[in-house]
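Can you make the complete structure from the sequences, with help from the hints?
Protein chains: 2
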Amino acid sequence: MGASEIVRRGLMLVLSSPSGAGKTTIARRLLDEDVQLVNSVSTTTRPIRPGEVDGKDYYFVRADEFSRLLRNGDLLEHATVFGHQYGTPRKPVAAALAEGRDVLFDIDWQGTQQLKQTARDDLVAVFVLPPSTEELARRLHTRAQDSADVVASRMAKAADEMSHWAEYDYIIVNRDIEESVASVRAILAAERLKRERQIGLADFVSKLRGAR
Amino acid sequence: MGASEIVRRGLMLVLSSPSGAGKTTIARRLLDEDVQLVNSVSTTTRPIRPGEVDGKDYYFVRADEFSRLLRNGDLLEHATVFGHQYGTPRKPVAAALAEGRDVLFDIDWQGTQQLKQTARDDLVAVFVLPPSTEELARRLHTRAQDSADVVASRMAKAADEMSHWAEYDYIIVNRDIEESVASVRAILAAERLKRERQIGLADFVSKLRGAR
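Residue numbers (the numbering used here), protein chains in the order written: chain A, 1 to 212; chain B, 1001 to 1212.
One should not assume that every hint holds.
Ranges between beta-carbon positions, derived for each pair [as the list claims (entries may be wrong)]:
{"#": "1", "chain 1": "B", "residue 1": "Thr1025", "chain 2": "A", "residue 2": "Glu167", "range": "35 to 41 angstroms"}
{"#": "2", "chain 1": "B", "residue 1": "His1084", "chain 2": "A", "residue 2": "Ala182", "range": "42 to 48 angstroms"}
{"#": "3", "chain 1": "A", "residue 1": "Lys157", "chain 2": "B", "residue 2": "Asp1032", "range": "42 to 48 angstroms"}
Pairs of lysine to any residue residues, derived as SDA-like cross-links and limited to a Cα-Cα distance of at most 20 angstroms, are as follows [claimed, not checked]:
{"#": "4", "chain 1": "A", "residue 1": "Lys157", "chain 2": "B", "residue 2": "Asp1176"}
{"#": "5", "chain 1": "A", "residue 1": "Lys194", "chain 2": "A", "residue 2": "Asp169"}
{"#": "6", "chain 1": "A", "residue 1": "Lys194", "chain 2": "B", "residue 2": "Asp1176"}
{"#": "7", "chain 1": "A", "residue 1": "Lys207", "chain 2": "B", "residue 2": "Glu1161"}
{"#": "8", "chain 1": "B", "residue 1": "Lys1207", "chain 2": "A", "residue 2": "Glu134"}
{"#": "9", "chain 1": "A", "residue 1": "Lys194", "chain 2": "B", "residue 2": "Lys1207"}
Everything labelled a hint here was simulated from the structure, so no lab data went into it. Ideal Cβ positions, reconstructed from N, Cα and C, are used throughout, including at glycine.
Below is the structure:
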């Protein structure tokens, strides 16, 4: 008798951060390296932009279709940003978790709060902070022609997002991208070893104890 | 302004398992590789054995000294095994944690229960299981001359210890020693990133948010 009957329950890994903290790079690296981790693709009513792929970057839908999804309870969380609606479809997440895969969510603090309400036990919430104000400003100052006003408004938005750091389970200060990727990898590895996430342990231990 | 003012609060890593599951090998590897991790040396009234070093393997004390430690509240947990007393001195643990170091405890389920009562927030409890009954029997059958009775009694003791698996935070099935060492390493890395274990985050985020 081996331990092969222990199966893992998937988890929902939320990565949030102000833009400019490096979250997107970390997320891409994790998805590239970890075959057990799948990306949650959001649904949006925002028009598709050049270079974007429907079903990969977003599921692009019309407003009436979005309303239908919302009405049917098909969205795990949703928000309106600059007049466009965004939401997380429930079915692909449920399917991945049932297969023992983990799902990565690149969402803000409001989406995280909504996920917490529907799926607290499956949720692992990680907040990524920039290493310093100077570094954050540098990353938000993406183009030379950016006006001081544009940068200031981005900094204000970042400050607002950062005010929610204490609602997260883990905090990573992104001093170095390799170190930060390794940190999220360790969080994933550890969370997968949590007792509640290993299904079949009770039977496995019973057999270990009783087989002689 | 950098993130250097964030300091880490140390944690207490408990490794428990039936003997024969590989815990001691894992513990030794972790202590060798991780300079932030220190071993908790127990105090005992049991006589010193050839090859043992006082202060390294155990602090060897007389029964009256042990009673004094117990009376003064100087022991975090204690137990009597085969007529000898064993306990964990409080002071070295407190000193290591205050320095931001982590402390490893190689104790059984009873010691773990006692630590939980005094230090729940600092405790990270890991249970190591053998991969199969056959493998456990093989490891407990250490010498060719061991009688069937001796092995059976060791298996019964292992079965008793394993009945407490569900009192632990993380469960590792030790199929491969390298994999298991990596697992405990990931647990340590992740637990160090928990929000509650990073002191100074609130001030750090305030500065990040307010500096402009």
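Structure-based check of each hint:
For Thr1025 of chain B and Glu167 of chain A, the Cβ-Cβ distance of about 40 angstroms falls inside the hinted range of 35 to 41 angstroms, so the restraint holds. Taken as a hint, the range 42 to 48 angstroms holds for the pair His1084 of chain B and Ala182 of chain A, whose Cβ atoms sit roughly 43 angstroms apart. For the pair Lys157 of chain A and Asp1032 of chain B, the beta carbons lie near 47 angstroms from each other, so the given range of 42 to 48 angstroms is met. For a cut-off of 20 angstroms, the pair hint linking Lys157 of chain A to Asp1176 of chain B is broken: about 47 angstroms separates their Cα positions.
Between the alpha carbons of Lys194 of chain A and Asp169 of chain A the distance comes to roughly 14 angstroms, so the proposed pair stays at or under 20 angstroms and holds. About 18 angstroms separates the Cα atoms of Lys194 of chain A and Asp1176 of chain B, which keeps this hinted pair within 20 angstroms; it holds. Annotation: proposed proximity of Lys207 of chain A to Glu1161 of chain B holds, straight-line Cα distance about 14 angstroms (limit 20 angstroms). In summary, the hint linking Lys1207 of chain B to Glu134 of chain A is supported, as the alpha carbons are separated by about 11 angstroms, within the 20 angstroms threshold.
Between the alpha carbons of Lys194 of chain A and Lys1207 of chain B the distance comes to roughly 34 angstroms, so the proposed pair goes past 20 angstroms and is violated.
Checked against the numbered hints listed earlier, the structure breaks hints 4, 9; every other hint is satisfied.
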